[in-house]
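Knowing the structure of chain P, use the given hints to seat chains Z, Y and C on it.
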Amino acid sequence: MKILFFAGLKDQTGTEEVVWEKDEATVGEVREYVLSLFPHAYTVKQAMAAVNEEFVQETDTVHADDTVAFLPPVSGG
Amino acid sequence: MKILFFAGLKDQTGTEEVVWEKDEATVGEVREYVLSLFPHAYTVKQAMAAVNEEFVQETDTVHADDTVAFLPPVSGG
Amino acid sequence: MENKRYYITDSPLNPLELQQLVTKPEAGAVNCFIGTVREFTKGRRTLYLTYEAYEKMAEKKLAQIGSEIQEKWEETECAIAHRTGRLDISEAAVVIAVSSPHRQAAMEASSYAIERIKEIVPIWKKEQWEDGTAWIGDQLEKNRYPRGGPGKEELEE
Amino acid sequence: MENKRYYITDSPLNPLELQQLVTKPEAGAVNCFIGTVREFTKGRRTLYLTYEAYEKMAEKKLAQIGSEIQEKWEETECAIAHRTGRLDISEAAVVIAVSSPHRQAAMEASSYAIERIKEIVPIWKKEQWEDGTAWIGDQLEKNRYPRGGPGKEELEE
Numbered sequence: 067m068k069i070l071f072f073a074g075l076k077d078q079t080g081t082e083e084v085v086w087e088k089d090e091a092t093v094g095e096v097r098e099y100v101l102s103l104f105p106h107a108y109t110v111k112q113a114m115a116a117v118n119e120e121f122v123q124e125t126d127t128v129h130a131d132d133t134v135a136f137l138p139p140v141s142g143g
Numbered sequence: 067m068k069i070l071f072f073a074g075l076k077d078q079t080g081t082e083e084v085v086w087e088k089d090e091a092t093v094g095e096v097r098e099y100v101l102s103l104f105p106h107a108y109t110v111k112q113a114m115a116a117v118n119e120e121f122v123q124e125t126d127t128v129h130a131d132d133t134v135a136f137l138p139p140v141s142g143g
Numbered sequence: 399m400e401n402k403r404y405y406i407t408d409s410p411l412n413p414l415e416l417q418q419l420v421t422k423p424e425a426g427a428v429n430c431f432i433g434t435v436r437e438f439t440k441g442r443r444t445l446y447l448t449y450e451a452y453e454k455m456a457e458k459k460l461a462q463i464g465s466e467i468q469e470k471w472e473e474t475e476c477a478i479a480h481r482t483g484r485l486d487i488s489e490a491a492v493v494i495a496v497s498s499p500h501r502q503a504a505m506e507a508s509s510y511a512i513e514r515i516k517e518i519v520p521i522w523k524k525e526q527w528e529d530g531t532a533w534i535g536d537q538l539e540k541n542r543y544p545r546g547g548p549g550k551e552e553l554e555e
Numbered sequence: 399m400e401n402k403r404y405y406i407t408d409s410p411l412n413p414l415e416l417q418q419l420v421t422k423p424e425a426g427a428v429n430c431f432i433g434t435v436r437e438f439t440k441g442r443r444t445l446y447l448t449y450e451a452y453e454k455m456a457e458k459k460l461a462q463i464g465s466e467i468q469e470k471w472e473e474t475e476c477a478i479a480h481r482t483g484r485l486d487i488s489e490a491a492v493v494i495a496v497s498s499p500h501r502q503a504a505m506e507a508s509s510y511a512i513e514r515i516k517e518i519v520p521i522w523k524k525e526q527w528e529d530g531t532a533w534i535g536d537q538l539e540k541n542r543y544p545r546g547g548p549g550k551e552e553l554e555e
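Chains as they are written, first to last, in the working numbering: chain P, 67 to 143; chain Z, 67 to 143; chain Y, 399 to 555; chain C, 399 to 555.
In isolation and in its complexed conformation, chain P is listed as follows (with noise of 0.2 angstroms):
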């Protein structure tokens, strides 16, 4: 699975996205991932999760194929 960073977060990871190579992982569990990757990237913790442009929930499901993204706090407008 792709997993993507923006703003603030992307500066904390110093990149733009990573890959997991996984079957299968719940929302929690990719963000738990990212946190043992780059511990100091606290930003993910308060980060809303989206799979494939979508927002999820905690508990979903992401497949090997998905893209996961972690969306600071939006600021548009």
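Among these hints, one or two may not hold up.
Said to hold, decoys possible - Rough simulated footprint, nothing fancy, chain C against chain Y, three-plus residues with beta-carbon under 8 angstroms:
1) 412-426
2) 429-435
3) 504-513
To be verified - Derived DEER-like restraints, expressed as beta-carbon distance ranges:
4) Pro105/Z <-> Glu513/C: 53 to 61 angstroms
5) Val85/P <-> Thr439/C: 34 to 42 angstroms
6) Asp131/Z <-> Glu513/Y: 29 to 37 angstroms
7) Gln418/Y <-> Glu90/Z: 41 to 49 angstroms
8) Asn412/C <-> Glu90/Z: 51 to 59 angstroms
As the list claims (entries may be wrong) - DMTMM-like cross-link-like pairs, simulated, lysine to aspartate or glutamate; straight-line CA separation at most 25 angstroms:
9) Lys458/C <-> Glu517/C
10) Lys422/Y <-> Glu415/C
11) Lys422/Y <-> Asp408/C
12) Lys402/Y <-> Glu469/Y
13) Lys76/P <-> Asp131/P
14) Lys470/C <-> Glu437/Y
15) Lys422/Y <-> Asp486/C
16) Lys68/P <-> Glu450/C
17) Lys402/C <-> Glu450/C
18) Lys458/C <-> Glu506/C
19) Lys440/C <-> Asp529/C
20) Lys454/C <-> Asp77/P
21) Lys454/C <-> Glu83/P
22) Lys524/Y <-> Asp77/Z
23) Lys76/P <-> Glu450/C
24) Lys524/Y <-> Glu82/Z
25) Lys76/Z <-> Asp408/Y
26) Lys524/Y <-> Glu450/Y
27) Lys76/Z <-> Asp529/Y
28) Lys68/P <-> Asp131/P
29) Lys440/Y <-> Glu489/Y
30) Lys68/Z <-> Glu453/Y
31) Lys440/C <-> Glu489/C
32) Lys68/Z <-> Glu95/Z
33) Lys111/P <-> Glu525/C
34) Lys111/Z <-> Glu450/Y
35) Lys458/C <-> Glu82/P
36) Lys524/C <-> Asp408/C
37) Lys402/Y <-> Glu119/Z
38) Lys454/Y <-> Glu513/Y
39) Lys402/Y <-> Glu466/Y
40) Lys68/P <-> Asp126/P
These are computed hints drawn from the structure, not numbers from a lab. Glycine included, every Cβ here is placed at the ideal spot set by N, Cα and C.
Below, chains Z, Y and C without anything else, positioned relative to chain P:
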């Protein structure tokens, strides 16, 4: 004093303006004068009145140099 | 017409021009309201409209609305133009532009402006239908002047 | 970009283009809201802003807001564009155009759109001040996601 008519009221009087040679009158008297000239101009009865481009009340005084306008209910916008 | 913020014109209105008149570094929002000629009203088809104005007074009253807005909503800038003459379907009859530091004021003030235009600005609309024509009266239906004049409140500058 | 009603772009926004996208004979009002870059916020001077978007999702979410509006306010048409990249003072960051048969719906829907953009559209603003820079978080301050996701209501299409 100059007396102006607009929109539907102008259609009823058949003219844009009349001049009344008079030193002083109340707005109410000007209104009566218009009705005496144009008995079928019924819209003048419910028209707002303005003197020199400001709304006035029925008992306000109009002087010889003033311009009175009778304004049918507005419908701009 | 350049730089005039409150005007009546028989030329097509340019919303961008009004937006630019109110844009300033202090503004975080510009709201631009455009009243357009609608083809159908209650099932009846309009071919075109004709607007007539008591031009000199109408410009004064538009400017008055601008002053009222600046008094009610701090740091707003305002510009309003109304067109006269014949207008075809979808053409703009009125454009109201308001800028403000924060979005809510610009929106509320635009709404206030259109309501006030329908109350105090001497402009009249004539509808041309397929089977007739008529001057349209007070559309707000809330402002009747049985004694021939507005109340005290309306008279304040 | 032509005829696309919901889009993210790094080019300057053209409010007129969006107005035209929503204009139709049935409309009697078009409201166009423009969010611009403000120079001073709480006394602090902004030099410029940088906007970043999760573009694909942002366009989907803008379109979702358009659908929500058409469901809530009958016979409205909607177009929304948001800019990304560097924006200088007074440049437009977002333009929302809504048309409707009667004025109130266009205004209410514009207001709804900007609130929803600040809730669900993945776009972020970075402020550049004279003495520093920072990504700006949730400005509504009413939408916190302690569990890392929006509530059920937010998830509905």
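Structure-based check of each hint:
1. Here the stretch 412-426 of chain Y counts 9 residues with a CB under 8 angstroms from a CB of chain C, which clears the bar of 3, and the coverage holds.
2. Under the rule that three or more residues need a Cβ within less than 8 angstroms of chain C, the assignment of the stretch 429-435 of chain Y holds, with 7 such residues.
3. Check on the stretch 504-513 of chain Y: 5 of its residues sit with their Cβ under 8 angstroms from a Cβ of chain C, so the three-residue criterion for coverage holds.
4. Taking the beta carbon of each, Pro105/Z and Glu513/C are about 57 angstroms apart, inside 53 to 61 angstroms as hinted.
5. Checked against the hint of 34 to 42 angstroms, the pair Val85/P and Thr439/C passes, with Cβ atoms roughly 39 angstroms apart.
6. A hinted range of 29 to 37 angstroms for the beta carbons of Asp131/Z and Glu513/Y is consistent with their spacing of about 34 angstroms.
7. The beta-carbon spacing between Gln418/Y and Glu90/Z, approximately 47 angstroms, falls within the hinted interval of 41 to 49 angstroms.
8. Between Asn412/C and Glu90/Z the C-beta distance comes to about 57 angstroms, which sits within the given range of 51 to 59 angstroms.
9. Restraint check: the Cα-Cα separation between Lys458/C and Glu517/C comes to about 14 angstroms, which is no more than 25 angstroms; the hinted pair holds.
10. As the CA atoms of Lys422/Y and Glu415/C are separated by approximately 22 angstroms, the hinted pair is consistent with the 25 angstroms bound.
11. For the hint linking Lys422/Y to Asp408/C, the alpha-carbon distance of about 22 angstroms falls within 25 angstroms, and the restraint holds.
12. Distance check on the hinted pair: Lys402/Y and Glu469/Y sit about 20 angstroms apart at the alpha-carbon level, within 25 angstroms; holds.
13. Simply put, Lys76/P and Asp131/P have alpha-carbon atoms about 22 angstroms apart, close enough for the 25 angstroms limit, and the pair holds.
14. Restraint check for Lys470/C and Glu437/Y: satisfied, since their Cα atoms lie roughly 23 angstroms apart, inside the 25 angstroms limit.
15. Between Lys422/Y and Asp486/C, the direct Cα distance comes to roughly 12 angstroms. Compliance with the 25 angstroms bound is thereby established for this hinted pair.
16. A threshold of 25 angstroms between alpha carbons decides the hint, and for Lys68/P with Glu450/C the separation of about 19 angstroms falls inside it, so the pair holds.
17. Restraint check for Lys402/C and Glu450/C: satisfied, since their Cα atoms lie roughly 20 angstroms apart, inside the 25 angstroms limit.
18. Our distance criterion of 25 angstroms between C-alpha atoms is met by Lys458/C and Glu506/C, whose separation comes to about 22 angstroms.
19. For the hint pairing Lys440/C with Asp529/C, the CA-to-CA distance comes to about 15 angstroms; that is within 25 angstroms, so the pair holds.
20. For the hint pairing Lys454/C with Asp77/P, the CA-to-CA distance comes to about 20 angstroms; that is within 25 angstroms, so the pair holds.
21. For the given pair, Lys454/C sits about 15 angstroms from Glu83/P by alpha-carbon distance, which is consistent with the 25 angstroms threshold.
22. Our distance criterion of 25 angstroms between C-alpha atoms is met by Lys524/Y and Asp77/Z, whose separation comes to about 12 angstroms.
23. The straight-line distance between the Cα atoms of Lys76/P and Glu450/C is roughly 11 angstroms, inside the 25 angstroms bound, and the hint therefore holds.
24. Taking the CA atoms of Lys524/Y and Glu82/Z, the gap is near 17 angstroms; set against the 25 angstroms cutoff, the hint holds.
25. The hinted pair formed by Lys76/Z and Asp408/Y meets the criterion: a straight-line CA distance of about 20 angstroms does not exceed 25 angstroms.
26. A threshold of 25 angstroms between alpha carbons decides the hint, and for Lys524/Y with Glu450/Y the separation of about 8 angstroms falls inside it, so the pair holds.
27. Simply put, Lys76/Z and Asp529/Y have alpha-carbon atoms about 22 angstroms apart, close enough for the 25 angstroms limit, and the pair holds.
28. A C-alpha spacing of about 8 angstroms is found between Lys68/P and Asp131/P, which places the hinted pair at or below 25 angstroms, so the restraint holds.
29. Proximity of Lys440/Y to Glu489/Y is assessed by CA-CA distance (about 19 angstroms); at most 25 angstroms being required, the pair is judged to hold.
30. For the suggested pair Lys68/Z and Glu453/Y, the alpha carbons sit about 16 angstroms apart, so the restraint of at most 25 angstroms is met.
31. A hinted pair counts as satisfied when its Cα atoms are at most 25 angstroms apart, and Lys440/C with Glu489/C qualifies at roughly 19 angstroms.
32. For the hint linking Lys68/Z to Glu95/Z, the alpha-carbon distance of about 14 angstroms falls within 25 angstroms, and the restraint holds.
33. Taking the CA atoms of Lys111/P and Glu525/C, the gap is about 23 angstroms. The hint holds against a cut of 25 angstroms.
34. This hinted pair checks out: Lys111/Z and Glu450/Y have alpha carbons roughly 20 angstroms apart, not beyond 25 angstroms.
35. A C-alpha spacing of about 20 angstroms is found between Lys458/C and Glu82/P, which places the hinted pair at or below 25 angstroms, so the restraint holds.
36. Distance hint between Lys524/C and Asp408/C is fulfilled; the C-alpha atoms sit about 15 angstroms from each other, no more than 25 angstroms.
37. About 19 angstroms separates the Cα atoms of Lys402/Y and Glu119/Z, which keeps this hinted pair within 25 angstroms; it holds.
38. Restraint check for Lys454/Y and Glu513/Y: the C-alpha separation of about 20 angstroms stays at or below 25 angstroms, so the hint holds.
39. Taking the CA atoms of Lys402/Y and Glu466/Y, the gap is near 18 angstroms; set against the 25 angstroms cutoff, the hint holds.
40. Between Lys68/P and Asp126/P, the direct Cα distance comes to roughly 16 angstroms. Compliance with the 25 angstroms bound is thereby established for this hinted pair.
No hint from the list above goes unmet by this structure.
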